[in-house]
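Spelled out, the chains give:
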Amino acid sequence: MRYTSGVGRTIGQSPSGDDPNVQIAVKLKALYQSVQEEAIPARFLDLLEKLEAAERQSIPHGKE
Amino acid sequence: MPSENQEFKREMLAALPSLRAFAMSLIGRHDRADDLVQDTIMKAWAKQDHFEMGTNMKAWLFTILRNELYSQMRKRGREVQDSDGHLTETLAHHPEQYGSLDLQDFRRALDQLPPDQREAIILVGASGFSYEEAATICGCALGTIKSRVNRARQRLQEILQVKGENDYGPDETSAPITSRAFVS
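As they're listed, the protein sequences go chains V and F.
For the first sequence, the positions run 1 to 64 when my numbering is used.
For the second sequence, the positions run 1 to 184 when my numbering is used.
Don't read these hints as lab results, they were simulated from the structure.
Please note: incorrect hints may appear among the correct ones.
Claimed, not checked - Derived lysine to any residue pairs resembling SDA-like cross-links, with alpha carbons at most 25 Å apart:
#1 F/LYS43 with F/GLY54
#2 F/LYS58 with V/PRO20
#3 F/LYS47 with V/ALA42
Here chain V stands alone, though its shape is the one from the complex:
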């Protein structure tokens, strides 16, 4: 099965004619992308910094 609709297709003008799977796919992606497009919260950047710093300290100098 292949669900595609050309860019020129008028979505929503005749709801009964629209494939509901396309609507589901679009909404799922919209929901997902709304989070994906957010900036990475500072807590994660800080966490990675800390993990990296902790690792640097724990590695014996000879190994570097």
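Since the structure of chain V is provided, determine the placement of chain F on it from the hints.
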């Protein structure tokens, strides 16, 4: 060898936006989703020796995240009830997290799916994984993933149709991405 370490961190950072989106799609609440992402980062960091640079970092992190989620759900036994849609009640307190009413309805519908179907349709329909990759991430057979995705679609259709068929209106967000809809 600091470079390999930095490379690991860089790849992890690159995968974080989609990892958060995955967590958020599965759980539905920013605070809990980000706690889960944090747990995942720490687990992944501790296991970085197991990761082969050059292989799929995103799939690796997604696998850790979903395993972590399910192990946490098992530990807090009662929260497994989330799978029956009880999460919807808590979601009602956070409606501002989703732009349009339309997406809020969709979010609630998504939360009514059993967890295995929800993760399957998210992985294939939003995260951009193939059915094969999704099967590996979930640790199940290819056919299982396919049937979960199909059942998820059917169930979402049922839920959303009950809400009102005329809700499928045109909107600016849908038009540009419709052309990249499911290919199965």
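Comparing the hints with the structure gives:
1. Annotation: proposed proximity of F/LYS43 to F/GLY54 holds, straight-line Cα distance about 19 Å (limit 25 Å).
2. A hinted pair counts as satisfied when its Cα atoms are at most 25 Å apart, and F/LYS58 with V/PRO20 does not qualify at roughly 29 Å.
3. Distance restraint check for F/LYS47 and V/ALA42: the Cα-Cα separation of roughly 23 Å lies within the 25 Å cut-off, and the hinted pair is therefore satisfied.
In summary, the one numbered hint that this structure violates is 2.
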